[in-house]
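Q: Below, each chain spelled out in residue letters.
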Amino acid sequence: MGRNPVTWLGSPTFPNAARDALADTQLRGNLAHATGTIRTKRAAAVAELPDWQRLRHAGEAIKDDILSNLDVYLEQLEASVTARGGVVHWARDAAEANEIVLGLVRDAGADEVVKVKSMATAEIGLNEALEAGGVSAIETDLAELIVQLGDDRPSHILVPAIHRNRSEIRDIFRRAMPGAPADLSDRPRELAEAARKHLRRKFLSAKVAISGANFAVADTGSVVVVESEGNGRMCLTLPETLITVMGIEKLVPTWSDLEVFLQLLPRSSTAERMNPYTSVWTGVTPGDGPKAFHLVLLDNGRTKTLADKVGRQALRCIRCSACLNVCPVYERTGGQAYGSVYPGPIGAILTPQLGAGTDDPETAALLKSLPFASSLCGACYEVCPVRIDIPSVLVHLRGKANENAHTPEAVAMAAASWVMESPTRFHLAQKAATVLRLIARRGRVKRLPWPGSKWTDSRDLPAPPKESFAAWWRRTRG
Amino acid sequence: MGTRVALFATCLTDTFFPDTARAVVRLLERLGCEVDFPAAQTCCGQMHFNTGYRAHATKLAKRHAKAFDGYDSVVAPSGSCAGMVREVYPGLHRSAVSVAGRTYELSEFLVDVLGVTDVGAYFPHRVTYHPTCHSLRMLGVGDKPLQLLRAVRGLDLVELPAADSCCGFGGTFALKNAETSTAMLADKMSNVLDTRAQVVTAGDNSCLMHIGGGLSRLKTGVRSLHLAEILASTEEEPWAATP
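Top to bottom, those sequences are chains A and B.
Read in order, the letters of the first sequence correspond to residues 1 to 478 in our numbering.
Read in order, the letters of the second sequence correspond to residues 1 to 243 in our numbering.
Fair warning: there could be bad hints in the mix.
As the list claims (entries may be wrong) - Calculated pairs, SDA-like style, for lysine to any residue (alpha carbon to alpha carbon, straight line, at most 25 Å):
| id | chain 1 | residue 1 | chain 2 | residue 2 |
| --- | --- | --- | --- | --- |
| 1 | A | 291 | A | 431 |
| 2 | A | 41 | B | 219 |
| 3 | A | 431 | B | 73 |
| 4 | A | 368 | A | 417 |
| 5 | B | 219 | A | 462 |
What the hints assert, rightly or not - Pairwise CB distance ranges (calculated):
| id | chain 1 | residue 1 | chain 2 | residue 2 | range |
| --- | --- | --- | --- | --- | --- |
| 6 | A | 95 | B | 142 | 27 to 33 Å |
| 7 | A | 428 | B | 116 | 34 to 40 Å |
| 8 | B | 142 | A | 185 | 35 to 41 Å |
| 9 | A | 82 | B | 186 | 43 to 49 Å |
| 10 | A | 33 | B | 117 | 37 to 43 Å |
| 11 | A | 365 | B | 142 | 38 to 44 Å |
As the list claims (entries may be wrong) - To give an idea of the interface, some chain B residues facing chain A are shown, with a C-beta separation under 7 Å as derived from the structure:
| id | residue |
| --- | --- |
| 12 | 42 |
| 13 | 43 |
| 14 | 156 |
| 15 | 178 |
| 16 | 217 |
| 17 | 220 |
Honestly, the hints are just simulated from the structure, not real lab data.
For glycine and all other residues, C-beta sits at the position ideal for the given N, C-alpha and C.
Make a model of the complete structure from these sequences and hints.
A: Structure representation (structure tokens):
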């Protein structure tokens, strides 16, 4: 599965991808059930905290401080990680990051690595790059494993296999998991047990582990991974070499700042007061855990994003996926329609920014379509734990997508604007609109030519009454 | 002399739903307001802004601000148009800051400014209420429309399941992502039908045009009606659509 940085190569534009997803009965059912459940739970988990809104403001402020002083904090992090025996690497883009990681794996003499679920490594297509270099990467998060074994794409940040049901998972395991029992049933307990046995062998034999990072503390050099299954703890402690790939925006200034985020993240993502496993490590500790620790700091479009005053707030994201779970568009289309590892509202603002400047026309078309994949209902902004004003960024990116666009839409918008700049022209246009009455039946227009058909394919349009309100006012009150 | 109010009808309501604007006039006058309709008004520019045509929106914002200059209160029967003026205008142009502070969505104006929840309305029908996204999340009108509806005599108010889910309109979203918009509409209609209401109401004719357009296409018999038209209706003068 080839992958351009950030997006999946060959992905159609959002409306085209959505069309297929909307017709997928299984997907629609799974998504409605899963997002509905997590929405209710999140609301309850958040309601327990009287200072939730203040926590959100604190999360926003800390991340904004990081983003405004990123150069300083990154160098501070490099110094503190190095002082504690870690090695820091800098990667400008996906290719550089993949090359660094492959080199480190080869240096460790490994041809197999275990992985903790990580958005950054998914973003750069690390697994495919390792594969091409003769290294197999084993995903150890259950859902990520399902996606990997099924040669599939993730559809959710936190629950990547949200689109699969248990009989599909059984079939994937039977087909692709080495050592899976031939009589494996679709009972969740049996499926989990099969995965556990498979993974246990890998944990015990792997020399190298690769992780992402939820947070890195600039002043101590500590790195934090938050997870639910314990697979992360295995990866982070058992192998001899640990390689962490982390976006440069994942910093917090000090240890005590974690207090804010370790409250915001679990409640927003899994609706838990505290996640089951929070692993923190600082460099290397002789006799305990990995002997070598490498931290790869990944840019891949982030500094470019940082240069945009409105768009940069997307870099506050802590990948909780609360915005996906409340999004009415995501709930219907699922994540794969967004053509990237970052789906949903956050994907619609992050992917176009990280991927900006692509020279592939198909990718460019996808990136331009993403900011329009929203009804601007605002549910995402309401739940975002770091107060990313996603609707405003969407509108901003729509403007960028329209720049220098000589489309029929741009012409129509200019014409509409010209009409609306004069009451006389507006009132003439109102009069002209009554022509719709000629094709209406019982006051309803049933069918319009393109692009009006995009409305009338599924809804009637009321025909305008003979007299507009403005005309009525002039006649009776003017 | 009563409160002087400028009616900001919105271009959609002015053109497609003049009954709603007439209902606002009737309602506000019944409550003792002196209503004016500034003739220079056209469109607030929301469609341009939300579709990513900021320069056009800014021009329209400047002229909208001028059209409503000098009025203490500007009232719109639309959460999204009032939201555009109040929340977006200040960031578009200096000259559009003042009007932002004087603009109200209808239910806010009734409850917060006039201080009434019982507007003396009579509407003997089974009704469900859809809180539109911009009135709910941009303006934060909360349950003000419901307070008003609960005080309407004869009205049987039924709660809409998953009420705060977007109906899928979203302005040009309904055209640019028509299929997804329709999928959202299907769920909204299904929830409306579950209530067995005769009328679905809301504070925005745009969303109602979408929900009502779907309900009409499927011959459900459920009609969409703006909140203002329910509130304007009385026993002596029941609501009736202009033919």
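Q: Each hint: holds or not?
A: Evaluated hints:
1. 291(A) to 431(A): Status violated; Cα separation ~78 Å.
2. 41(A) to 219(B): violated (37 Å)
3. 431(A) to 73(B): violated (29 Å)
4. 368(A) to 417(A): Holds, at roughly 23 Å.
5. 219(B) to 462(A): holds (14 Å)
6. 95(A) to 142(B): 27 to 33 Å: violated (51 Å)
7. 428(A) to 116(B): 34 to 40 Å: holds (38 Å)
8. 142(B) to 185(A): 35 to 41 Å: Violated: the Cβ-Cβ distance is about 50 Å, outside 35 to 41 Å.
9. 82(A) to 186(B): 43 to 49 Å: Given about 57 Å between the Cβ atoms, the range is violated.
10. 33(A) to 117(B): 37 to 43 Å: Cβ of residue 33(A) to Cβ of residue 117(B): about 38 Å, so the range 37 to 43 Å holds.
11. 365(A) to 142(B): 38 to 44 Å: At roughly 41 Å between Cβ atoms, residue 142(B) and residue 365(A) fall inside 38 to 44 Å, so the hint holds.
12. 42: holds (4 Å)
13. 43: Holds: closest Cβ of chain A sits about 4 Å from residue 43(B), inside 7 Å.
14. 156: violated (25 Å)
15. 178: holds (4 Å)
16. 217: holds (5 Å)
17. 220: Since chain A brings no Cβ nearer than about 11 Å to residue 220(B), farther than 7 Å, the hint is violated.
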